[in-house]
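Novice: So for the sequence shown, this note's numbering puts the first residue at 1; every next one is plus one.
It cannot be assumed that every hint is accurate.
Pairs of lysine to aspartate or glutamate residues, derived as EDC-like cross-links and limited to a Cα-Cα distance of at most 16 Å, are as follows [stated by the list, open to error]: (1) K40 - D337; (2) K433 - E409; (3) K319 - D264; (4) K217 - E122; (5) K4 - E86.
Simulated from the structure, these hints should not be mistaken for laboratory data.
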Amino acid sequence: MSSKQTKFLKALQAFLPVDSLLTGEESLRPYECDGLSAYKQLPLAVALPGNKNEIIRIIKLCQEFKIPVVTRGAGTGLSGGALPLENGLLLNLTRLNKILKINPENRSAVVQPGVRNLAISEAVSDHGLYYAPDPSSQIACSIGGNVAENAGGVHSLKYGLTVHNILKLEIITAEGELLTIGSQALDSPGYDLLALMTGSEGLLGIITEITVKLLPKPERTQVLLVAFDDVANAGKAVSEIISAGIIPAGLELMDSLAIKAAEDFIHAGYPVEATAILLCEVDGNSPEVDDYTKKIHALCLQCGATEIRIAADEKEQKKLWAGRKAAFPAIGRLAPDYYCMDGTIPRHCLPEVLKRISDMAKEYDLPVANVFHAGDGNLHPLILYDANIAGQLEKTEQFGGRILELCVEVGGAITGEHGVGIEKIDQMCVQFKPLELSQFHAIKDAFDEHGLLNPGKAVPTLHRCAELGAMHVHNGQLPHPELERF
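Generate coordinates for the entire structure from the input sequences, incorporating the hints supplied.
Specialist: Right under this line is the structure:
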């Protein structure tokens with residue numbers, strides 16, 4: 001440990017409670033990675049502030065000593081966005097876990113970043129309200145991390161991602177200043193900094209309060225399970241439903257491997273002989289739900305559905321969704337390790353992309369289970385592998401990279417909700433041109449002049465892209481020399 005780091009830790013110890021600063025190896029070990037456990041690193045220290053004033057003092061010390069800082073919530077992220085730095089501080093915000101205010105009239109709530117996603121809906125349920133974004137990890141993931149990654153969930157098709165469901169953020173800047181972005185109103189003047197901050201992966205500021213939108217619980221919901229003997233037919237059904245002007249609250253696709261794994265784990269009643277299933281939820285008033293259910297039933301039959309099951313009651317609806325929500329842990333029972341990918345594609349490309357992923361799986365000799373937010377084209381292929389076998393992790397990463405590049409090739413993006421982190425940073429060179437990447441760096445510089453907030457994540461340097469040979473060359477030449485500093 002350098003003398004600078006020693007002085008930094010002593011300065012933290014001067015005002016943080018003893019249990020709010022961790023430095024021993026055993027106490028640091030639980031923070032060595034997020035949900036992407038293939039990458040691990042112990043931080044210099046972990047700080048667990050209990051209020052905004054402590055965060056401000058911590059950040060000002062980081063500026064003074066030029067110590068990088070990585071902000072972390074519940075650690076459920078899947079892109080390595082909360083991977084610590086050996087020479088940096090890990091700032092854990094889980095102790096800021098209070099719901100500060102519920103405003104039923106304005107349909108909003110003010111919460112701290114450590115509040116669990118599901119806890120918001122539980123707290124406002126008696127008011128007939130709920131918070132719409134529901135990632136599969138909602139029982140554990142924190143709302144601050146949801147904002148940092150712009151998380152989605154099974155209901156994002158109709159109700160949007162995190163960015164569509166927040167009104168205001170309070171952040172602490174890299175200089176330790178408190179800043180409010182957005183307002184209690186539906187819109188606010190000036191640049192849309194709220195959208196800029198949402199999904200910024202901890203690179204631009206530290207989120208200390210979030211004002212979320214709340215929605216009234218729908219009068220009625222109906223869930224259909226539709227089985228197919230061909231994944232392409234399931235993909236076609238997705239397109240037909242949307243083309244018919246029906247926007248389901250949720251529209252999820254699972255392939256045969258995911259179906260079997262979820263059924264063995266949860267016993268949701270899934271047809272294990274099916275090649276693919278769609279879970280479709282519609283909501284609204286009763287006549288509207290009846291109308292949509294009949295139309296979806298007919299459209300799926302036209303697309304070759306082999307079985308259509310309509311949930312009889314709320315209990316059965318929850319049971320059907322439980323299988324989908326538990327798909328990721330269920331897959332974990334099939335192999336020592338799995339690599340969860342996250343990309344987005346145009347809906348009409350679903351059959352083509354599934355076919356090409358299947359071909360790649362044979363090429364790499366690695367099984368893949370596919371789980372999709374099919375309605376909005378957000379796919380989650382889960383590559384099964386064994387990290388104990390030499391070379392399998394590297395082969396899996398290469399396979400995953402090719403899936404992401406396929407998403408870009410068909411007109412999609414390398415992430416839908418998990419973020420870039422360190423996992424997809426090389427694929428950023430595929431999706432974005434040098435001038436676009438340089439603009440990202442310019443925004444980063446405007447918010448964080450010394451690059452202390454989560455450095456090395458989300459946005460690659462142009463030098464890195466050139467090294468990978470993925471640089472987009474314009475008119476046969478590299479970017480302007482002034483961009484080389486990036």
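Novice: With reference to the structure, classify each hint as holding or not holding.
Specialist: Results for each hint:
Restraint check for K40 and D337: the C-alpha separation of about 15 Å stays at or below 16 Å, so the hint holds. Under the criterion of a C-alpha separation no larger than 16 Å, the hint pairing K433 with E409 is consistent with the structure, at around 14 Å. Distance restraint check for K319 and D264: the Cα-Cα separation of roughly 13 Å lies within the 16 Å cut-off, and the hinted pair is therefore satisfied. Under the criterion of a C-alpha separation no larger than 16 Å, the hint pairing K217 with E122 is consistent with the structure, at around 12 Å.
Annotation: proposed proximity of K4 to E86 holds, straight-line Cα distance about 14 Å (limit 16 Å).
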